[in-house]
Structures are given as C-alpha cells and as structure tokens.
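Participant: Listed here are the chains, written in short residue letters.
6 protein chains.
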Amino acid sequence: MFFHRQELQHEVKPERPDAVYARKLQEVLGGQYGEITVAMQYGFQSWNAHMPGKYRDLLYGIGAEEMGHVEMLATMIAQLLEKAPLGVTEGAMQEDPTVAAIIGGTDPQHAIVAGAGARPVDSNGNPWSAGYVTASGNLLADFTANANAEMQGRLQVARLYHMTDDPGVRDLLSFLLARDTMHQNQWIAAAAELRAEGVEDLPVPSTFPIGKEDRDVSYQYINFSDGQSAGEGSWASGPTPDGKGEFEYVPEPPAGVPAPPPTKPDVRLHGTTGMPEPVEKAMGAAQDALHKE
Amino acid sequence: MFFHRQELQHEVKPERPDAVYARKLQEVLGGQYGEITVAMQYGFQSWNAHMPGKYRDLLYGIGAEEMGHVEMLATMIAQLLEKAPLGVTEGAMQEDPTVAAIIGGTDPQHAIVAGAGARPVDSNGNPWSAGYVTASGNLLADFTANANAEMQGRLQVARLYHMTDDPGVRDLLSFLLARDTMHQNQWIAAAAELRAEGVEDLPVPSTFPIGKEDRDVSYQYINFSDGQSAGEGSWASGPTPDGKGEFEYVPEPPAGVPAPPPTKPDVRLHGTTGMPEPVEKAMGAAQDALHKE
Amino acid sequence: MFFHRQELQHEVKPERPDAVYARKLQEVLGGQYGEITVAMQYGFQSWNAHMPGKYRDLLYGIGAEEMGHVEMLATMIAQLLEKAPLGVTEGAMQEDPTVAAIIGGTDPQHAIVAGAGARPVDSNGNPWSAGYVTASGNLLADFTANANAEMQGRLQVARLYHMTDDPGVRDLLSFLLARDTMHQNQWIAAAAELRAEGVEDLPVPSTFPIGKEDRDVSYQYINFSDGQSAGEGSWASGPTPDGKGEFEYVPEPPAGVPAPPPTKPDVRLHGTTGMPEPVEKAMGAAQDALHKE
Amino acid sequence: MFFHRQELQHEVKPERPDAVYARKLQEVLGGQYGEITVAMQYGFQSWNAHMPGKYRDLLYGIGAEEMGHVEMLATMIAQLLEKAPLGVTEGAMQEDPTVAAIIGGTDPQHAIVAGAGARPVDSNGNPWSAGYVTASGNLLADFTANANAEMQGRLQVARLYHMTDDPGVRDLLSFLLARDTMHQNQWIAAAAELRAEGVEDLPVPSTFPIGKEDRDVSYQYINFSDGQSAGEGSWASGPTPDGKGEFEYVPEPPAGVPAPPPTKPDVRLHGTTGMPEPVEKAMGAAQDALHKE
Amino acid sequence: MFFHRQELQHEVKPERPDAVYARKLQEVLGGQYGEITVAMQYGFQSWNAHMPGKYRDLLYGIGAEEMGHVEMLATMIAQLLEKAPLGVTEGAMQEDPTVAAIIGGTDPQHAIVAGAGARPVDSNGNPWSAGYVTASGNLLADFTANANAEMQGRLQVARLYHMTDDPGVRDLLSFLLARDTMHQNQWIAAAAELRAEGVEDLPVPSTFPIGKEDRDVSYQYINFSDGQSAGEGSWASGPTPDGKGEFEYVPEPPAGVPAPPPTKPDVRLHGTTGMPEPVEKAMGAAQDALHKE
Amino acid sequence: MFFHRQELQHEVKPERPDAVYARKLQEVLGGQYGEITVAMQYGFQSWNAHMPGKYRDLLYGIGAEEMGHVEMLATMIAQLLEKAPLGVTEGAMQEDPTVAAIIGGTDPQHAIVAGAGARPVDSNGNPWSAGYVTASGNLLADFTANANAEMQGRLQVARLYHMTDDPGVRDLLSFLLARDTMHQNQWIAAAAELRAEGVEDLPVPSTFPIGKEDRDVSYQYINFSDGQSAGEGSWASGPTPDGKGEFEYVPEPPAGVPAPPPTKPDVRLHGTTGMPEPVEKAMGAAQDALHKE
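Chains as they are written, first to last, in the numbering used here: chain A, -12 to 280; chain B, -12 to 280; chain C, -12 to 280; chain D, -12 to 280; chain E, -12 to 280; chain F, -12 to 280.
Same shape as in the complex, but just chain A:
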C-alpha cells in the first residue's frame, strides 16, 4: 500500500519562470532514465522478488522515494511554466525576437494540452513508455540495471545543472544529484553483497550449468573491427572478473561456417523462390489440390 503526505522531500521554489527550461527538465521526469522509470522499475522488481528480506526491503524503500521525486519534478515544472507567455506567434515575431525565441524552445503541449502543467513525457515530448523498465527476477542483473539507471540519471541532472542559473532550480538539482550519488552507491554495494553471500555470481545467471555453454569461446575477445589497440586492455588478457577464466585476444575472426540454404516455405505464402512463374504456379496448383485448400 502507498500513502501520500502533502509535503515534499525538498523545497521546490524556482526564482523565476522559465518555460524553455521546464521542457528540458521533462527529461529527468518522463525520459528513458527519468524518475518515472526508476519508481516503476524498483516497484516491479520488488513485487516480482522471490525472497523476502533485505534486498526486497531495499527495493521497496527506494521505490517509494522515487515516486516522491516524480512529484517534486512535476511540481517544479508547473512552477517554471506558471508565467510562461502564451505565444501569440505573429505579435511575438514582430515585437520581440527574444520572446519568439523562447516560444520556439518550449514544448507546445505544455500550454495546449496541459494548460501550463507537467506531463509524463521526455524533453522531446515522447510519452513515457514501460519499455524502459527492467525487472527480470534476477537481482544481480537487475541491480546492475539500477546502478546504470542512477548513473545515467545523475549524468543528465548534472548536465541540466549547467543549463540554468536559477538558484531555486539548482537547489533542487543539488538535492537530486546527492540522492543519485547515494543510489548509485547502494546498487553497487547490493550487487557486491549478492556475490559475497553466494546468492548470485558472474556470469549472470550463475545458476545456469556453465558446462552447457560453448566454453571454447567464453573468454575470447574476437575483434570484428580493424583497430588493434583494444588488445591492450585488461579485457584482452589476464584473469576474468567472474574468476573462471583467462581473457584471450583474437585479432580477427576465424573463418565462419556457410549459411544454411535458403528456406522454401509453403508455396501458399507466395514468397519469391526463383522458380519461373509457370512452374511455381503448377506446384501451387498441385499443392492446392492436395490440401483441397
């Protein structure tokens, strides 16, 4: 169950309206790595978890915080839009190129669709999609997904920090940066703990019988491009992070195997087979007869 309290985790008070920036801020609300993504991702991971206890509690605990971040960003965006100019094109154009420019940089749906409100979209107006969510049931994979989400998220907030000089906006971003720092650290620590406790290991999934994979190529770096400096990396020689092998560098791919012959599906699918038309038709007729269609 979720409960809502009419407070915010941190102050949301921009110094002045800025409709262009409001559009940009949509990215970390409704983008691929915005707050809706992490709120839903941690939610689904917790509801699908297969063990009670600390890992699931962690997912529950951070997941609900992220829902509050969704609310903070939506509130900030509405504040930034409060005094946005309506954008009468003609007038603006003739009188003030700066106002015209501002209009050009805003999200028109902020005004037309939401009446100066936040929207569940990214900075280009793409609606948030659940295709962004990862929840596989394997916690080592999923915590790595979470670490990545927090990294991408903090990176975007950092970039946005430099795109405004409004102290109120920066104050909120400063808070979000810190929470992303925490969450990056937490998912990395939790992933390590899974391995330390022997609950999961590399390669993911560690419960798959490793003997069933083609071990001959499990640690070969086969280079399909022509730059050779990748042979110098720690991923090309020495022990592997999973502790189960040694990296080997293969500077160019060995010969492949011939592709199987092209398929010949049922003639009633009318694919092109290269047989002259009358032959094909005769065959089709025969097959038709056979199947009494």
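Don't read these hints as lab results, they were simulated from the structure. Be careful, since some hints might not be right.
Claimed, not checked - Capping the alpha-carbon separation at 30 angstroms, the derived lysine-lysine pairs in DSS-like fashion look like this: (1) F:Lys70 / B:Lys199; (2) F:Lys199 / A:Lys251; (3) C:Lys251 / E:Lys231; (4) E:Lys199 / F:Lys199; (5) F:Lys0 / F:Lys70; (6) E:Lys199 / D:Lys70; (7) C:Lys251 / D:Lys231; (8) E:Lys70 / C:Lys251; (9) C:Lys70 / A:Lys199.
With chain A's structure known, arrange chains B, C, D, E and F on it following the hints.
Facilitator: Coordinates of chains B, C, D, E and F only, in the frame set by chain A:
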C-alpha cells in the same frame, strides 16, 4: 564502413521446424535486450566517443560482432518457420487439437507479414524501438549499461535454452551464452579499467564538482517503506563504493517541506482555479482587453 | 511524498496457478485503462492543480490508493505465474495438447523476460504508454475523463470476472469492482459539484467567451450519414444540457465551400506541381540564383 | 461506405502563413484528442455497436463529420506552411534573429518529410496512435469517453484561439469550437437517454450482478493522502449518483493484509531466491535430471 | 467533406464464427499495410497535393473507397467474434483442449477491451500508428509508395485467403484481392503518366539540379558483401532506368577515408575524454570560472 | 558476418558546428526513411530470402553499405554538435536573441541524453521503430518498397541540401544523393528483371490463382469522390500494366449491400444491446445459471 561476408559465426541448423519456438526466439533478436539493441548501442557509443584508442576499438569490435548475431538469429528463426503449418483454423480445430495449439502459440505476423521469415520484433510482436538504446558519451555509465544488457541478454538465452530440446537450437544458444559470458566480463573489466586509470570515477559523472551536490544526503539510506531489514545491508553502514563517504541508515523519512502554493497560469489557458465563474470571466475579459488578444 | 507499507489493501491469494489468466489480467494492470493509468493520471492532475482544497485532496487521496492497486495486481499476476510450465515446445506438443494449448495462450515475456513476474504491459504485451494519461488543468474535463476511466476499468474487470472460476482471483476482482463503483460515483459527483458551485460549467471550457464561437452551428445535429433515426433522440430537439440553447436536427449537411487552391510551396521542397519539368527547373534555377541557395 | 465531396464544411483561409502556428495546430489534428481520434473512435463504436437505431445512427452521423474536420485542419496546416522559410540555418542566424526564432519553433518534418504539408502527428511530432481510441461495446462508458474527448478537444481549440491573431485561422477555430459545444452536449444527452430508457445504468456495466462485488467498500471514500478537506465534498456523504448507496468518508485506510510470501518459480528461470548458489545449483541439477531437459 | 451511407461495398457474411481468424484479419485492418494505412495515406496525399486535377482526384477517389474497406473489415471481424467463447481458462483446459487451443490463438483484447468488437490494431495487437503513413508532396515517390502498399496488402490478403475455408470470408477476400489488383495497376499507371507528361522523372526528385550530386558514384554498384553473382544483374551493367547513365559494377569497395578525430564537446556535458580526472577537473573549473556557470 | 573498418566511405567534415542542422539531419539517420531503415530492411530481406544468387547478393551488398551510411551520418551529427552552446536559458535570453533562437531549434536530448552525440531518432526525437521495416518474402513487392524508400530518402536529402550552406555538409549530402540515385535505379531494374525472367509478375503476388479473385471489379476505377478529371488518366481506360485487362471508369459507386445486423455477443461481455436493463439482467442470470459461470 561495414563489410558483409556470406558466412555465419556459428552453425545455424535446427533439427526440426518449430514455429512456436521461433516466436519465442524473437525476444533475443528484437526485444529490449535483443541483439539489435546491443549492435546499435555499441555502434552509437563508438560513433559518439570522445577519445580514440582502446575503449573505442572495443566498442567497434564487439558492435560489429553483434550485427552478425542479429543475422544468425534471423537465419535460425527462418529455419524454424520453414515448415510451419499455415493454420487453416477450422480444419485444424476439427482434426487435431495439437496443431490448433501450435497455431495458437505462433506469431501470426510470421506468416501473414513475413511469409515465414524473421521480423525485427520481440516475442510479443512489439517492433524494436531505438528507445532501448543507451549512448550517453560517459563511458563509465555506458559500460555499466552494457554489462547490464549482456546480463539480461544471457539470462533470457538461458531461459530459452530450457524451452527447447532441439539439439541444433541448443547448439546455437550454447554459443550465444558463451559470447554473453565474454561480453559481461569485458564490460565489467573495462569499467574497472576506466576507474583504475583515473579516466572516470564514482559517482558518475565524476567530473561534476561534487561540492555542488547536497552532501548532507549523499550517503543516507532513507527508508520510505516499513520493512527494516534493509538496514542490515552493506548499503546501510560502512564505507561507500565511491570511497568518498560512509553509509548512514535513516529508518524513516524526516518531515518534508510544504509544497508551494498551486500555480495560477494565464487565464486564457482555461484551467480550473476555483474562482466562481463570473469572477473568472471578468478577469478573463480584463486580460483579453489588456492583450487585445 | 509517498510512503509504502508492506501490506496489501485486500487479500491476493489465487487457489491455483493460471498463466493464461495471468496474461489476461495484465490488461487491468498495464493497459489503456489499467491501474497504472489511473495512478499516474490522478497524480499528474493533482500536481498540476491550480487550487488547493477538496478537489485536489480528492485527487491525491484516490491517486495513492491506485498505486496500491498496481501493487495488488502485480502480486496476483506473479502468484498466478508461480507454477507455470516452462513450455518445452516439442515435448508438450507430443505428449499433451492441453499443456500445449496453455502455452499458446500465455505471454512468452512473462517467462523469458520477467522470470514468472508481472510486467507493465497490457494483455497483448504492449508496454504501458503515458499517451494514455489525461491531465489538462481543467477539472470538469478531467473529472469526466476520470469517470470514463473508471467505467472502462470496471467493465474490463467485470469481463475478466467471467473468465475465471478461481475463487481467490474472483475475490480480488470483487473488491476492485466495488472500488471502481465508488470511483465512478465520486468523479460524477465531483463533476456535478464543480457546476453546482459555479467553478466550471458546460461547455468546457466555460471560461472561453462563448460569443467568439460560431453560435449558428452550436446546437445543430448535422447528420453526415443516411440513417434518420438519430433525429428522434433527445440530442436532436429540446433544451441542451449546457442550458444555453435548443437542439436542432439538420437531416443532411448544407452545401460546403470550395477548398482553397492547392498550395505552391518553395520549389526547393521538390513537391509535384504539375508544371512540365523544364519549366519547373528553370524556375528552380531562378530561385536558386535569387537565394544564392 | 464513405463518399467524398470536394468541398469543405467551412472556409479555410488564413490571412498569412505561419509555420510556427501550423505546428501547434497539429495537436488538434493528430494529437490524443485531435480529429483523427474522434473520427476513428466514433467509427469503431458504430461498427462494433450491438443495436441498430438512433444510438448507432448518431455515431455514424458524427463520425463522418469528424473525417471532414480532419480534412479541414490538414488543409489549414498546408495553407499556413505554404510560404514558410526553408530555414538555411547559418544565413538566418547571422541576418535575422526573428527568422531564426521562427525556424526554432517549427516542426522540421513539415519541411523535410512532408514538403510543407500536414502530417498525422501531434504538436510534438508524435505519430497518431490508435492507442488513443476507445470503443468498448458499452455505450454508457463510450459516450462518457466521447463527452470527455469533446471537452478536451474544445479546451485545446480554445487555447489555440488565444495563440493566434490571424482572423482566418480564428474563423475556422470559431467554427470548430461551436461543433465541439454541440458534440459535448450530444454525448451528455445521449448518455442520459441511455439511463432514462433503462438501457444502461450506473455503475457501468450495470448488467454485472452487483451482488458479486464487495459491497462493503462500494461507497467508501478511503483517503490515502493526509489532506482532509476532501471529506467536505458531495462525494463523501449523502446519496450516490448511481442511486444505490450512501457515500461514507474513511479518513485513513484501515490496516491492510499481509502480502503473500514471495513466489518460487521454476528454478530454470534463474531468478534470485536467496539460497546460496551451490544449493540452488544442486536443485537445478536435480530438476534438470528430472526433466531430462 | 465525407458522407457515410449505411451500406457496404460488398457482402460481409461469414458462415461461422472464428475468433482465431478474427485476430489474423486484424492485420489487414490495422497493420502496417492495412486499410487504415491506405485510407489515411491517400487522404494526406490529397490534402497536401500542390496541383488540382486528375492526380488529386485519383487520390480523393481511392482514399474514400479505402475508408469503406476499413468499415467492411471491422464489420467482418465483429461477425467472426460474435459467438467466440469467453474463455474460462480452467474449465476449458480440463474439458476440451480444442477450446483451450482456440482461446490461446485469440486476441484477448477482442473480449476484454472491445467486448467482441474490432480494434484499430494489427494481428499482434499493436495499435495502428501514423508512422506507417507516407505523404511527401512528391507524387512520383508517393505513387511508388502506394504501389508498394497495395502489393504488400494484396500479398497479405492472399496469405489470409489460404488460412480459412469459410466461404463467406473468402468471398470478401476475393473482392479485396480484386480491388488491390486494380489499385496496384492504377498507381503504376499513374507513376508512368507522371513521367510521360514530363511532370516528374527519375531519379526522384527530378527537380533537384543533378549536377550537384556526386556524379562519379551515381551509377556504381559497389558490393559490400562477398557474393559476386549480383554482378550479373541488369543493375550492374547497361543503361540505367533513369536514362541518364550506365551501370558499373565495382566488386569491392575502394579504400575509404579516415574518420575525423573524436569530438571534444563542452566539458560540462561530462563525456569521457580520456584525460586523467584531475586534468579534466581543472579544465572544468577553468571553464566554470570563465562562464561564471 | 559483418566486419568493421575504421574508415568512412566519404569524407565527413563540416566547416562549422550547427546544432540546429544536426537535429534536422537526424531525419535521414533515424527517421521513417533514414539510413537505419534501409540497412535493417535490406538485412531482413536478405536473411528471409528464399533463393540464393543474384537477388540475394544484391540485398547483402547494398545492406552493408547502408550500415556504413548510418555511421557517416552519426559521425557528421556529432561533428555538428561539437561546439554547440549548452543553452543556459536565462543568460542567453538576456544577452543574445540569436543564441536563444538557436537553442530553440536544437534537440534538447542531443545535449542532455547524448552529451553532444548522435541519436537513433528522427528530427522530432521519435525513436527509430522497426515498424518502418518491410520484408515480406515476395521480392517484387519488396523491391518496390525499396525503390520507394530510396525515393523518399533522396527527396529528404535534397530538401536538407537547401537548408545549409556549409560546404562540408553539402559535400556529404552530394555523395548521399548520388548513392540514392544509384539505389533507386537498381531496385527499379531489379523489379523489372524479376518480371522479365518470369520469376514474379503483376499483380503481386502473381502466384495466387487469379481466378479466385472477384474479376468483375479487378480493373474498375470506382470513383468515391466527386471530381471527374481522374477519368482522363491512363488508369481509367486502356490496357492495364499487368497486361491482363482493360481499365474501366465507373464515375460513381454502384449501390452497396445492406450491412449485416448488429452482433449480439455473450451477455457476459456487458455490451449495450438496447434491451431494457431488467430483460438483459434476466437473460444474463439465465446464462449465468447455464454456465455455472
């Protein structure tokens, strides 16, 4: 530049057709973590890279291999579909429930749209979307994304391995599992190397002046759920993975701050403000007059 | 701020697993009118609201309940999937058409992607999209949208009720049906209260100066089809619900006006204008010269 | 059958080109509540209708009108784009910030993809999606959806009215506002008539045996947020709009029930179960042996 | 303007219900090349046309016919779904594998969302997307797009013809096949007429000054794969269809040019540049100071 | 298998940065007819091909070239973005409307998400979708699709050519224009060769027994609009391009047939049937009893 050779990296020869399984296999071809995703992801990361040398070579080298995996899976799917029944509903229903069941489990677009060919979609027929791709320009974030992609990918291939007993299909999956093992290891090693060389560090992005984030909350685990066992994890006390702090456990959120008052945008956006209608209208009229609309 | 408590609003205990039904239940979790939609919709409406007080409190109050419904449905789906067969195609086909049929009716991503967990998708596997959300800032419009969402939602739950005979599943659906009954009633009551208080009125938006619309056609039912029985409805004669006019029935559309002549955009957009090619080219050349491109 | 006549229902003659406004106008052509949505929505509702007569005639009659509105808006957009500058970036930048600003506010696909033509997209360029359409077969639900669509649509047109001062554009919008006024009134009247005739009733669907829902919670407003003013609304006490109960206000949620224990799906799905790895592996091996995989 | 008549262009009367086939038939209603696509495509092409007369009349004339095809297919699908079993999973499973199989092959949204009605989606339930539409303003390109759409459409109808033995369904498909035959022929004839009249020519767009393209490579077939038989085709030697050159076969690509050095964007975007962290930070600080952020 | 070489097919060196143009150029990288589309389309067509030899070699050969075009455009876009201003809204607004205007015209995700890198999206930021790809297995249909793709692609490049005066950018576009000229010619030649060799013919699919289509309407141009000039075209009289008939002009549609009566699905789907509620309920109860639900 990309060059194509009419060979496959590994044999693709199913023992028998299986249209139901062909549909499932679409997941690792055209799904969120399928081969199209990693091929495009490593491609865009390499084209956007800001430094020459080993990291970019690594991206180029694996990216091109993944394009070959797209081809192998597409070829396998076409093979599995070659003898798929057309699916005359009525006949199948009356004569053979097993055939009917098979038809129920297939992707109808395999027959209707592709004529027994592979499609750039997932196992539910959702077209592949570039919204799956991550390429931020920050290699520590992106290599973490890549490690996650290879984990999710190998997990899905492992699940698919158990869903067939066709030795030819399993042989290909066995090869793919091994390559995913390699790539998991490589991205983890490469992420570690970025840190070891001082090129990048935690938290991502490490080049953002950390003093500008709200350091008071950078290492607090604030628990927004009521389970307390998350306080026992290594993410709740002790040093943080970024080496810059100590975790602190906050069992429940401190009081928040009041939300700002609701916004009052331009009356011409016709939002509901709670003022009785005539007042609002009068205000609107005034504003209209003012702006000469 | 949102807080999570590790309890559910109602019991979630199916009597037996049913992976086919789990797929169907996804509709009311992640479909157009599923619980994610209403949770997000009421959230965005509250964050964008322009007046404090009872209407916004109502949105906050129900919105948080709906997040708990998301959780209940996700939990139910995971329960239903717990013992789902993995689906080895060949074996199933040969041995047991019933198992084969079940596999045909399941969502393959439940197993391959989520490892027997719930997903933020509908019953056809389409990822939830924020394109489903409505939050305009005009409460009369939005409460009507909410009433519709609860109607469509209850309708779908009712249909799903008949598609299972599992008493545990029906018990949860019975609870959800009742909550949808409540929420239908609430949004209808709230919409009426907006009008009773003079805060909003019909037609939406009532704050737009009605004299600026083309009043000649504001209450005409112009029939663009050839059935005439629609002329008998209460929408074709008598007073209008907005209290501002009388319906009038126009059995067939009056003559229209000629369309404007086709456009002739800049020749450098290379649209087809019907001029013979040499003329067009000469004009292009002239225009090129003029613009020095 | 549909027939086309080369006339428009109303004049479409802007006074001057305005490519920035053309982009905005796309919202009511190809957006969530644009004309394509209502044309398709009324179409599918009529084709799926289960009774002949006045309700279906109404759907047919308005549906075909809306197709004509699609045409009018597309024509208007093409007119507005006719003289749009091509947008040579560099030149524009150096010479005239106003032209530069205009370019910034246009939809680049108007020029690049459509050659100064209208497109089936919204004002942010999102392609129209059939995910916007509602057609459930239950007319009380669907007419409520329609009333909402006309409200949202008229609201957007009203906002757009204030964003231009072109008399030709305003003349068309004035016409569309009036038609939306009519259609709002019609769907509201039609929904009321369904109830008056006893064909449908609240709660939707009224044909579901109401005794099968959990009547204990059918009329409780359970407040999941901490603002208490929602208790003052007509939705918190007094008779309910469905005429079947009395509203009751529950200021905070009663205790919930414990969630079921986490699921333990087939080990071959490789989810994390918290068992140390060797145990899990042994179990996997045993299960493998069992299934001879 | 569009007018609707309550008749169908051809009879729609299946002999018996078939919910599995109803799902398949959705492909040619709401798929990439379904009737919605062509109706909207011809509509937008006509509204964006730059010349009056026969070509635009052709677009208007066929476009309206296609809207009627949308209606016929929706009607047929509703007929096929009329007696579809509801699909009580458990019962079906235990009693009758054939019924179970049928349920597995149906679209669950047909029942849950549309109450046994047609939907604007394809055979996998993907909502129709305006991303399928082509309307560029260049008629030679667009008529080629139309010819392709009619080819793909007829191909799909032909495949569907073999998937049913219901004489009523086949009767409708037989009609649609014939109309697609006509429309293929028409668009091919119309494309040829554009060239014959000198209105358009190859290569599209023929109004672009051809001297501005890099004529050295305009007719070279550069082979980026290793199969050599493509050198034998009429596309590898002899005159070109545009009548402006001679094909030339280049069996493997000439050497390329070096890529430009990697980019170094503003350090405040926090991309990885390979400079050790302290250096980067110092630079960042300097830049910060410079910009006073 | 695909191999990558660290070279480009043509030089990619813009004279100066231009972030606004970078956004526009995304169209031909990640739009409906961008390079990703053709690379994937030719790939899937080759992997699904049913005959070895020259046609498949052609697909392989061009497909791999297009992957290199993806790379060139991504590289160009990154170059154009290299020095893009970050876009501090407030500062820009106050100081320089031109800079403000530039910011308005850029894609905010270029900076926020990709750190000044290319993205797999179109010029409005819509992620590339595999819904753009066509690969049916019928080569005559698919080569027509390919000819169209190259026409639309060249048309877009031509339009983009006029939108910049940067000689470096134009140099690349000049190369791409030439390659598109070649590929248009090739697909047209290849389609003709399929017919000349008797492998395929019109109408597509030519292997469907033409006697099974409704030949009465195979060559009738039935005009559903009221303009009559389409009767003058070569598509309205004379021999048809498929060589199998004569066009006939039908100036207005013959009378249609009545639609079937509305459907009456299972009452448990709760659609509106027009029966007064008590009757319907009684029927529902009866049916419930019958099915013991």
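Participant: Taking the hints in turn, state whether each one holds.
Facilitator: Results of checking the hints against the structure:
no.	hint	result
1	F:Lys70 / B:Lys199	holds (25 angstroms)
2	F:Lys199 / A:Lys251	holds (24 angstroms)
3	C:Lys251 / E:Lys231	holds (28 angstroms)
4	E:Lys199 / F:Lys199	violated (50 angstroms)
5	F:Lys0 / F:Lys70	holds (14 angstroms)
6	E:Lys199 / D:Lys70	holds (25 angstroms)
7	C:Lys251 / D:Lys231	violated (62 angstroms)
8	E:Lys70 / C:Lys251	violated (53 angstroms)
9	C:Lys70 / A:Lys199	holds (25 angstroms)
Hint compliance for this structure: hints 4, 7 and 8 are not met, and every other hint is.
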